[in-house]
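Novice: Chain residues, written in single-letter form:
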Amino acid sequence: MAEITLVEAVNQALAREMSDNKNVLVLGEDVGIDGGVFRATAGLLDKFGDERVLDTPLSETLIGGVSIGMAAQGLIPVAEIQFMGFACSTIDQILNHAARIRNRTRGRLTCPMVLRAPFGGGIRAPEHHSESTEALFAHIPGLRVVIPSSPERAYGLLLASIRNPDPVVFLEPKRIYRLVKQEVPDNGEALPLDVCFIIRPGNDVTIVTWGAMTHDSLVAADKLAEQGISAEVIDVATLKPLDIETISVSVEKTGRCVIVHEAPLSGGWGAEISARLAEHNLFNLLAPIKRVTGYDTVMPLFRLEDQYMPSTDRIVGAVNEVLKFE
Amino acid sequence: MAEITLVEAVNQALAREMSDNKNVLVLGEDVGIDGGVFRATAGLLDKFGDERVLDTPLSETLIGGVSIGMAAQGLIPVAEIQFMGFACSTIDQILNHAARIRNRTRGRLTCPMVLRAPFGGGIRAPEHHSESTEALFAHIPGLRVVIPSSPERAYGLLLASIRNPDPVVFLEPKRIYRLVKQEVPDNGEALPLDVCFIIRPGNDVTIVTWGAMTHDSLVAADKLAEQGISAEVIDVATLKPLDIETISVSVEKTGRCVIVHEAPLSGGWGAEISARLAEHNLFNLLAPIKRVTGYDTVMPLFRLEDQYMPSTDRIVGAVNEVLKFE
Amino acid sequence: MRKSPPERSGTVARFEVNFTRYLDANGKVVSTPLPRWANDPEVLLPLYRTMVQTRTFDTTALNLQRTGRLGTYASSLGQEAIGTAIASSMWTEDVLVPSYREFSAQLWRGVTMTELFLLWGGDERGSDYQGPREDFPVSIPVGSHACHATGVAYAFKMRRQKRVAVCCLGDGATSKGDFYESLNAAGAWHLPVIFVVSNNQWAISVPVEKQTAAQTLAQKAIAAGVTNEQVDGNDVIALRTVAERAIDEARFGEGPRLIEALTYRLSDHTTADDASRYRDESEVELQRANDPINRLKTYLIKSRMWSDQDDQKLNQECKQKVEEAVKQYLATPKQPSQAMFDYLYEELPVSLQHQLDAALISEDHG
Amino acid sequence: MRKSPPERSGTVARFEVNFTRYLDANGKVVSTPLPRWANDPEVLLPLYRTMVQTRTFDTTALNLQRTGRLGTYASSLGQEAIGTAIASSMWTEDVLVPSYREFSAQLWRGVTMTELFLLWGGDERGSDYQGPREDFPVSIPVGSHACHATGVAYAFKMRRQKRVAVCCLGDGATSKGDFYESLNAAGAWHLPVIFVVSNNQWAISVPVEKQTAAQTLAQKAIAAGVTNEQVDGNDVIALRTVAERAIDEARFGEGPRLIEALTYRLSDHTTADDASRYRDESEVELQRANDPINRLKTYLIKSRMWSDQDDQKLNQECKQKVEEAVKQYLATPKQPSQAMFDYLYEELPVSLQHQLDAALISEDHG
Ligand SMILES: Cc1ncc(C[n+]2csc(CCOP(=O)(O)OP(=O)(O)O)c2C)c(N)n1
Ligand SMILES: Cc1ncc(C[n+]2csc(CCOP(=O)(O)OP(=O)(O)O)c2C)c(N)n1
Ligand SMILES: [Mg+2]
Ligand SMILES: [Mg+2]
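Chains as they are written, first to last, in my numbering: chain A, 16 to 341; chain B, 16 to 341; chain C, 13 to 378; chain D, 13 to 378.
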């Protein structure tokens, strides 16, 4: 079987669900004949026609809102926002409607939609093309926020998200869209939502991360292994609702935790994980919890983006720091 | 001197700054002849005319965006969003422009605007009229988020926010708009931004809170005092940038911390405070940090809102729990 | 293939906005021919009954609010004709996407008064309509539901269903970007959706001429290439004529429509509002003469389809129905705390179980 | 006092959209009379020079991008006339609120090519224009800057300044709600702001007829009660005529205007795009005949204001200027990490000091 990239896995999952369920449709800017600016929807127009592969006007609020109407009618819209920076315009619809319509109507109307957006920096793109605002969405009750970090998980988690009867914000780490290839059988098997994945077992420290930083965290873990340090790496995968259990058990074992994300420190989703640990694991923490994150600054234009992004060096440095505590 | 309410203090601060600085203007829905649905802008139209007290079309995105253009031109727009639930539509403008324009132009253009909105539950209002989404704004780099919790602080902090050369989101706890009265001399004296206020000193536990919950926290502290427990209550006031120093010093003293806010638990601003303490205060924490917050549910319609809102009982309960640890 | 520009200078597009009115304020016929059903009591009386029922409901709701038994309430006084005409032009399987002020449309469609009371009494069960299961709940964020109606219509079109989505909005809502984006997409996709703007001339304290420089709200549709028209929103015969045609055309593939219905908000914006702060009572007084219920009643009586006696009886019946609904409403026990969690997701994620437990403990202690 | 509805059925509003063109694709005059300055080389040659300079810049930018010395870049090939005409109709103290594709307008206004390279090379200093200090930086989020232009114009009006804000947008941007909200507010407040829509018929892969059912984009303004017109966007004489009048009228209190300029995007959307995926080369080929630079050149040569020799010299000069800018650009050292913090707030809050320290340490170690 050929190995495929993360973005190809997204494409494969979309094609699979569209084949299996005629209620699934994709919509967004340039998802049709262009196949999406990252090619995530390439080929779908030819296979499924322009009613189910819908180029929208340039209107992000509409993309969010129209999906809600479709979903209430039993369709399963998978909407693409071209870059996460432009997803801000959907927050009103997502927070005030998508995440609430089941609750508002006591289950009479539901909202089985997926809002996909590429996120994260590191691709030398113009302003607003590098955002990591997952925390804004993860704070919203009634929503799910899912972030894959490998081709396998992209396929399995996207299938799960599309099949999930509630709204899911599905954020794709575009820096690793084409970085790693894996064999991903197109077998229609979903992966579970609402759980973290331990993607590298270890004993000395727990590194908790998601998205593209998963890759850097694994590289850091390799470097640490050379120093004789055994790092357990957890891919949070579903940020909301948060599977703190898996993280908590790991930290109970290692006694040390480093959280890594690209988004600015303050109010990043790392804060929630740290806060939960501060409540549940206080007495088995051997060292302060460190967060390796973007700064509380505007993401700089790309000449400085390497200075902004958490690097493997910063991750290794933080691990070494928490290991200093006895 | 007559005592005034929190919303009257807001009005007094607006009138003061508008008198002192002809560049200040207020805009929003119904801020003119109606004087604002909560009367925060009452009387301003008569005093300052309809160019400086501007009724806008029903367009929240515009209200956010037009303020940026005004501010870049050296005006100081104080924009009102009628209820925080409708502020979602401004996030695109606030995050992508207001908070960035100084950085984007290396200081050439700046954005001295204030976005005011009443927030919080407890007034038996319709859906979307009870939101507490301060964490969404507090995560945004380049922004300030300020929340007063008394007439005095409303006056002093609003003056400071208007005079601040950068964008400020100023959230007013509407449940206590008229709850407490204080003498607030109209002396034009601002209070400092970027610092927390210790509003009740104590030794056994630190209660960290903001907005309307400040009031409930003080009531809880009274109850605790009857039990012989001395609680220090901190009004965070400026959520972003966060003065963790004051909180950290207090927790160093008390060894115990309870954080109280109305917003849902997960990803609430309490998470950030807790995470900072987990890093800086780990070894002087005598007990896990507890958060008393709204649930990770949609804020219910008002028949159930008392069940949702953190109560003084829940605060007292949490304090008693953290005191169980030796 | 893309267009090249026109050869030379000149006019490249022309538009007009048309207005429809059959009855003047005194119930006198001012345009002919009337639609055939305008002489048919079987068509007109149900319209009249719903309008009267809505007004009775309204009066009672205001009373309940004043006595602390209802939350903030938005009266529809003077606007009862619009929803009635629209809903009566819809098929059962169409979908209504209402604003918070179209009680008459909701009642016609089978939403119960008890449900309406529950909603305005702060209880989510008020949006679990037992009648029109696919109708949307009231949207409190002004304008945002226009996107939903567009999505619903897209589903209809994609499934080749001959169904129409009908979205109700206010004049204020036409200033919202989401309204415009919806109208534009509905036009681009040629969807079976009708946007009905109840132009009651006020958005809380902002009169329509401060809302926009557009001389009509119907012309908002020109921006989206969408057919549009204006109608007297207090003339139920004109309204129904216009609505029936629009809905029928949308149903059979002729695309979306914007209908601006000219009416007037006779009441305060809501019970939380005091309109005397910003508008003259004299203006309201003048507008009372346009009352849609009186207008239809006069016409019905003149046409011998109705009598004062019938009217008294009807009012009595309506009151009785409202009183029953009030009883049911007041007898509905509060939901348990558990209800905050029950409909958040299809299934409660395990990680939320301890929050639910905490809420239940609080409830016991509270 | 609020309006009552019209007496009876009928047409209540009429609108039309007018188009202006003076030169056809071959530089032949197709409408008369020409504006007086159409025979004046002192007016026309500066326009021509800026258009040629912009195209030279464009070619070089594409080369820099291909060789890894610039980031993603959005070419303005074929659209150079619009910005040139608009900017040349503005006063220095007016404010330009540009899209990312109006290089010609920016160059005319005094933004340097070095600054443009810096921006597209990922350096914030590229938006610290040393020339037009009050002009807005490029807005990457499509449409959102329409609100800013409206705010700028409000400031002008409030201060009784005779200044105009000019906002450039694409056809795709006209589908955004923020564009519509801005247009509507500009109309309601009667502001001195001009919205110039460069309708290049594509928004990445979406052709304008999929963007909207509106047959013109000019008519978007009807929704807001705003004056509007359409113009040939490759005819700099028509453009400048229309722009001058609009800006002048706005300046002297006649309110906002929407100008739709019909043009064509000859290049890929950006260097990250491959337009061959979604449009036929044959279509592009046909449109090349509409090139605005050739059109003006032909006209200039026919009118004996210009010669092929002048043209060669100009091209030479333009290349030289670009090369100097490239040199300056490439010689500009990267900002230090500190720069991430320097312009975040007027003064760095103390609580951010330790983040800055950490960043500086990382930098040393990196
Ligand atoms: C997005 C949004 N902004 C503000 C409000 C507060 N608000 C409620 S109703 C209203 C005025 C609505 O006017 P209109 O659309 O004309 O409807 P009407 O109330 O007159 O029926 C406002 C500003 C809201 N509900 N939603
Ligand atoms: C709000 C927003 N959504 C999406 C994008 C991504 N994007 C960049 S340019 C573009 C198309 C813009 O088309 P148009 O307005 O016609 O301008 P043109 O590029 O043709 O000049 C899109 C979708 C963006 N920059 N901003
Ligand atoms: Mg209204
Ligand atoms: Mg375009």
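Hint data in this document are derived by calculation from the structure and do not stem from the laboratory.
No residue lacks a Cβ here, since even glycine has one placed at the ideal position from N, Cα and C.
One thing to keep in mind: the hints can contain errors.
Label pairs and their calculated CB-CB ranges [as the list claims (entries may be wrong)]:
#: 1; chain 1: A; residue 1: Glu18; chain 2: D; residue 2: Asn30; range: 35 to 43 angstroms
#: 2; chain 1: C; residue 1: Met317; chain 2: B; residue 2: Leu194; range: 14 to 22 angstroms
#: 3; chain 1: D; residue 1: Arg145; chain 2: C; residue 2: Ser294; range: 30 to 38 angstroms
#: 4; chain 1: C; residue 1: Arg26; chain 2: D; residue 2: Asn306; range: 31 to 39 angstroms
Derived lysine to aspartate or glutamate pairs resembling EDC-like cross-links, with alpha carbons at most 20 angstroms apart [claimed, not checked]:
#: 5; chain 1: C; residue 1: Lys15; chain 2: D; residue 2: Asp292
#: 6; chain 1: C; residue 1: Lys169; chain 2: A; residue 2: Glu66
#: 7; chain 1: C; residue 1: Lys15; chain 2: D; residue 2: Glu293
#: 8; chain 1: B; residue 1: Lys196; chain 2: B; residue 2: Asp237
#: 9; chain 1: B; residue 1: Lys339; chain 2: B; residue 2: Asp219
#: 10; chain 1: D; residue 1: Lys331; chain 2: D; residue 2: Asp320
#: 11; chain 1: C; residue 1: Lys314; chain 2: C; residue 2: Asp36
#: 12; chain 1: D; residue 1: Lys15; chain 2: C; residue 2: Asp320
#: 13; chain 1: C; residue 1: Lys169; chain 2: A; residue 2: Asp65
#: 14; chain 1: C; residue 1: Lys222; chain 2: B; residue 2: Asp65
#: 15; chain 1: D; residue 1: Lys346; chain 2: A; residue 2: Glu66
#: 16; chain 1: D; residue 1: Lys15; chain 2: C; residue 2: Glu295
#: 17; chain 1: A; residue 1: Lys268; chain 2: B; residue 2: Glu294
#: 18; chain 1: D; residue 1: Lys40; chain 2: C; residue 2: Glu19
#: 19; chain 1: A; residue 1: Lys238; chain 2: A; residue 2: Glu336
#: 20; chain 1: D; residue 1: Lys222; chain 2: A; residue 2: Glu66
#: 21; chain 1: C; residue 1: Lys15; chain 2: D; residue 2: Asp303
#: 22; chain 1: D; residue 1: Lys15; chain 2: C; residue 2: Asp369
#: 23; chain 1: C; residue 1: Lys40; chain 2: C; residue 2: Asp320
#: 24; chain 1: A; residue 1: Lys37; chain 2: A; residue 2: Glu198
#: 25; chain 1: D; residue 1: Lys346; chain 2: D; residue 2: Glu375
#: 26; chain 1: C; residue 1: Lys222; chain 2: B; residue 2: Glu66
#: 27; chain 1: D; residue 1: Lys174; chain 2: B; residue 2: Glu66
Novice: Each hint needs a verdict: does it hold in this structure or not?
Specialist: Hints, one by one, checked against the model:
1. The beta-carbon spacing between Glu18 of chain A and Asn30 of chain D, approximately 59 angstroms, falls outside the hinted interval of 35 to 43 angstroms.
2. The hinted window of 14 to 22 angstroms between Met317 of chain C and Leu194 of chain B is violated, with their beta carbons roughly 56 angstroms apart.
3. For Arg145 of chain D and Ser294 of chain C, the Cβ-Cβ distance of about 52 angstroms falls outside the hinted range of 30 to 38 angstroms, so the restraint is violated.
4. One distance hint, 31 to 39 angstroms for the beta-carbon pair Arg26 of chain C and Asn306 of chain D, holds here, with the actual separation near 33 angstroms.
5. A distance of roughly 14 angstroms separates the Cα atoms of Lys15 of chain C and Asp292 of chain D; the hinted pair therefore holds under the 20 angstroms criterion.
6. This hinted pair checks out: Lys169 of chain C and Glu66 of chain A have alpha carbons roughly 9 angstroms apart, not beyond 20 angstroms.
7. For the hint pairing Lys15 of chain C with Glu293 of chain D, the CA-to-CA distance comes to about 15 angstroms; that is within 20 angstroms, so the pair holds.
8. With a C-alpha separation of about 19 angstroms, the suggested pairing of Lys196 of chain B with Asp237 of chain B holds against the 20 angstroms cut-off.
9. For a cut-off of 20 angstroms, the pair hint linking Lys339 of chain B to Asp219 of chain B stands: about 12 angstroms separates their Cα positions.
10. Of the pairs offered as hints, the one joining Lys331 of chain D and Asp320 of chain D holds, with about 17 angstroms between alpha carbons and a cut-off of 20 angstroms not exceeded.
11. With a C-alpha separation of about 14 angstroms, the suggested pair Lys314 of chain C and Asp36 of chain C falls inside the 20 angstroms cut-off, and the hint holds.
12. Restraint check for Lys15 of chain D and Asp320 of chain C: the C-alpha separation of about 31 angstroms exceeds 20 angstroms, so the hint is violated.
13. This hinted pair checks out: Lys169 of chain C and Asp65 of chain A have alpha carbons roughly 13 angstroms apart, not beyond 20 angstroms.
14. For the proposed pair Lys222 of chain C and Asp65 of chain B, the alpha carbon gap of about 12 angstroms is at most 20 angstroms, so the pair holds.
15. The suggested pairing of Lys346 of chain D with Glu66 of chain A is violated, with an alpha-carbon distance near 48 angstroms, which exceeds 20 angstroms.
16. Between Lys15 of chain D and Glu295 of chain C the alpha-carbon distance is near 10 angstroms, which keeps this suggested pair within the 20 angstroms criterion.
17. Proximity of Lys268 of chain A to Glu294 of chain B is assessed by CA-CA distance (about 19 angstroms); at most 20 angstroms being required, the pair is judged to hold.
18. Simply put, Lys40 of chain D and Glu19 of chain C have alpha-carbon atoms about 11 angstroms apart, close enough for the 20 angstroms limit, and the pair holds.
19. In summary, the hint linking Lys238 of chain A to Glu336 of chain A is supported, as the alpha carbons are separated by about 15 angstroms, within the 20 angstroms threshold.
20. Distance hint between Lys222 of chain D and Glu66 of chain A is fulfilled; the C-alpha atoms sit about 13 angstroms from each other, no more than 20 angstroms.
21. For the given pair, Lys15 of chain C sits about 15 angstroms from Asp303 of chain D by alpha-carbon distance, which is consistent with the 20 angstroms threshold.
22. Of the supplied pair hints, the one linking Lys15 of chain D and Asp369 of chain C is violated, its CA atoms being roughly 57 angstroms apart against a limit of 20 angstroms.
23. As the CA atoms of Lys40 of chain C and Asp320 of chain C are separated by approximately 18 angstroms, the hinted pair is consistent with the 20 angstroms bound.
24. Restraint check: the Cα-Cα separation between Lys37 of chain A and Glu198 of chain A comes to about 27 angstroms, which exceeds 20 angstroms; the hinted pair is violated.
25. Pair hint Lys346 of chain D plus Glu375 of chain D holds up; C-alpha atoms about 12 angstroms apart against a cutoff of 20 angstroms.
26. Restraint check for Lys222 of chain C and Glu66 of chain B: the C-alpha separation of about 13 angstroms stays at or below 20 angstroms, so the hint holds.
27. For the suggested pair Lys174 of chain D and Glu66 of chain B, the alpha carbons sit about 17 angstroms apart, so the restraint of at most 20 angstroms is met.
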